[in-house]
Amino acid sequence: MDLVELVRGATVVVMSVAWFTFLVTWAVGWALRGSPIPFRSMKRAGQSLIEDSILAAFWLAMGTTIFALISYVASSISLPMPPPPKP
Amino acid sequence: MELLSLAYTLSLLTYSLGALLYGSPIPVKSVKKWGVLMMYDGLSSAVLISTYSLLLKLGDYLLEVLGASWTYFITWLTGRTTTLVTSYLAMQSIAAVLKASGADVLLEFLKHISNLVATSLAAIKMVYLISIVIYNLRDKILALGVLLYSTPLRIGKSVGAAMIAISIVYYVGLPLMPSFAYIFETSLPSVITEKYGGLDGVVVDALGKPIPYPVVRLYKNSVNPVASVVGGKEGKFSIGPPHSLLPRGEVFEFEVVFMGYRVKPEPTSAAVPWSGELRLYSVLYLGNGLATMLVGIFELFAPASTLEGVEFSLGVISSEATLSFLKLGSVNISEILVDAKKADCRWNSFSWGGMEIEECGVRLTAGLYLVRVVYSGADYPRPRIEDKHYVDVSDVIEYLSIVQTAVVSYLYSYLILPSTYLIILSASSLALSKFIGGGFRLRVV
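As you go down the protein sequences, you meet chains A and B in turn. Start counting the first sequence at 1; every next residue gets the next number (my numbering). Start counting the second sequence at 1001; every next residue gets the next number (my numbering).
So here's chain B without its partners, still in its complex pose (with noise of 0.2 Å):
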């Protein structure tokens, strides 16, 4: 290594200058006392150059002697961070549900929360940063600590001592921060997921083909809606955290708008949390802005898309049923066939999210039927209707104790606890570099 031969050399030019200096005719005490110090300082220099190595190697044995490693003190602060992050993301959710739902005052505590992780998150980061560096550049350090160590006249002695001190303790004493913080840190309560929990799935039609942007309402034993969202293209909802809090056990009753028309779907109610499938056995959706809702007993087959339009067949059981034609203004239909007879059908129109939708209804009755229906589609867009978050006011109140409990504990354990750790470990080194440096003195002569 380049720095090392070079410190080698340095530290022999410091001893023959050291020589030069005690044996020069000078009789002053003083520069003959340098020349002896500079010859123990070359000699000194020359042991740590040759230990290079054999440093490098104490640090890993004081580690496995320790029984830390770095690999688990990375994922300790890996999972940490992870910790700090998500609870800073939750904080800034319930934040915004906070402001969407109106109830601004408590954003003010939230937000003196929030600043609060966010300390912590910088602090840990830093714990972070440093340990990266001793991890990455500790053999650059050491070999750097040296060379300033055997510059000749004691220019850099003290830094390269505390270079060497700081390559060595840092190395053998960041793995060890999870056991200390180990003994003094709380137990940190779980922010978001204990509490609350979601409603997600897909709304499917009666032969299970998802439905686009369905509008998903949630009921509680009310009249009107406490929250509405607009499903994706697949007919994906999601309604929970991040924008609404739901308490976990509280049972939802669900509605599901699509085309203007509100149907219920199965299961009609769930509680929180769940995910899977609601289904509309009322709505056949044909594709491209054209659907049929099924008033009365049915038996469907799957239909058969042709080149232009689609084709299926339909039992109705009970005696009388009524098969109604939803389209979009922009869906041209051309003919409807009923058993190859064309049906009457007068359509009406209506407005409903932004869209002008027509409907027309074809009255059956009991009986095996082949429908065909001629249209150019068009592609069904996202009703303007905006989503409706529910949050839980009196439960948000708890919930922001808690979390205030638990920001406190995250902030001794992720800034108080390592910047002790810290301060630890630069005392340490501090008295190593000492050590190495100046308070312990051999006498060669």
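In isolation and in its complexed conformation, chain A is listed as follows (with noise of 0.2 Å):
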């Protein structure tokens, strides 16, 4: 097997359980903060995990468009360079 295809194929599956993990962390996130338990340590923890897993879901959505964008802005500047400026 392609070594590229095999890397490929990893980064799909790890993609998809990102996603599953996303649901999984937002669950719980909601879940320990709308627990009838009064610590509120335990309210801040699914708070900060709900946030968390929102801006990992945003950065996995934008993932593909970040390294689109980076491969654009790399090839629009590698364009021929202007002659070195005569002392």
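By construction, these hints were calculated from the structure, which means they are not laboratory data. Quick reminder that beta carbons are idealized off the backbone N, C-alpha and C, glycines included. Careful, some of the hints might be misleading.
Coverage of chain B stretches by chain A, computed from C-beta distances (three or more under 8 Å per stretch; other residues unrestricted) [unchecked claim]: (1) 1012 to 1026; (2) 1048 to 1054; (3) 1252 to 1264.
Using the hints, put the two standalone chains together into the complex.
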């Protein structure tokens, strides 16, 4: 099997696992936040889990876009360079 | 490029692993931190991969701005290598001369000097090797560096950063070495060509035909020759470096020995350096181990080879002259005809240079003669005479001190300067790799 294909397959697997984890984290976060246990620290942990999961989901969704943007910017600045300045 | 697409997918993998860790339901801060770090790593390696061709172009652009070029650098390196090899060979030949001339005391000193030259040569060869590797493989080194850089979990990040830095810094830095060396380099005295020269040329007979294996001797107001060499089959000889050290401007007298006869050539003396033709006006080489010696004043006409021998005409201008025939013992002469009359010739033999030579003289009076010799020839062998080399010892000591100074400056310019420069380049690469690989961190989240 081609190494590039292998890594690409692994990436796809990791991404789907990441989406699943995001859902789990989100659910766990809300469960902690909405649980009838009167501990503030637990509520706070739930809140931060929700925030992290949403941020992670955002970056995961933006991932391919960011990579495409990087390639686009890099390829547009790698146009022929101006001639060196003459002293 | 295969490596780059692999690196790209790896960076994507790193990024998604980071997102996975960041979004995992584990409320541990370090795990979240690792997630962010990996997302950042994925992005930064993606930037590097995308700017791969830009990085390659950047090197060329910087070189152009700095006015350095690889062609000039390689020429510079080759020139230095040639200088060192020349002086090394010169030193080896001086060592051989000293050994032959019996001045062994100086050999130890010379050995030490040539060791220094060998060290400098090894150093410059090392620089040559490094530069060839960088020049030919820098795109591969860069691609491999980028690949290692984008491996997940920072496994090869520092190594990859170092490789990227090396491929940029060395590619730009190495061609600047000549200008760096130029600032510090002392001027190098030329080693052998300035003080010593040689005498070389070809020995020919009265009619300009080369004489095989002539023994050329040099005299310097002395009874015994100071140098003596046996020439080649085509009469070529060379006295001078590497076997002899003849000071420039010194005048030496020539003498040529051929088939046991000592003959003064024309010119009779020459100042070093000299190259030209030594003509023996009293010798006529007939080929295949047969020659004639002319004693008296003659006018010669070119000999013509016939089926069974040789034929030539000559005019005797002086009132009396002798035409001596010289032949190898193995040469068989059936008859010598002078104006179609059989010459009265009694052969005397003698040995010289390990060969048997026979001679006979024919007396002639003024007039024009047609001489015909019927003979079967043999190859003329190289006479077994040892070469004697000339070494001006007082000059050698002076020469060695010049060489020593030169060699110390060689060691400085070819070992210490390039090493220092390589160390500077390595330090710069380290700094750049720190910048790429960890010294500078952009917070994405």
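Evaluation of the provided hints:
1. 1012 to 1026: Result for this restraint: holds, n = 11.
2. 1048 to 1054: Contact hint for the segment 1048 to 1054 of chain B vs chain A: holds, 4 residues under 8 Å.
3. 1252 to 1264: Answer violated; 0 residues pass the 8 Å Cβ test.
In the structure shown, a violation is registered for the earlier hint numbered 3 alone.
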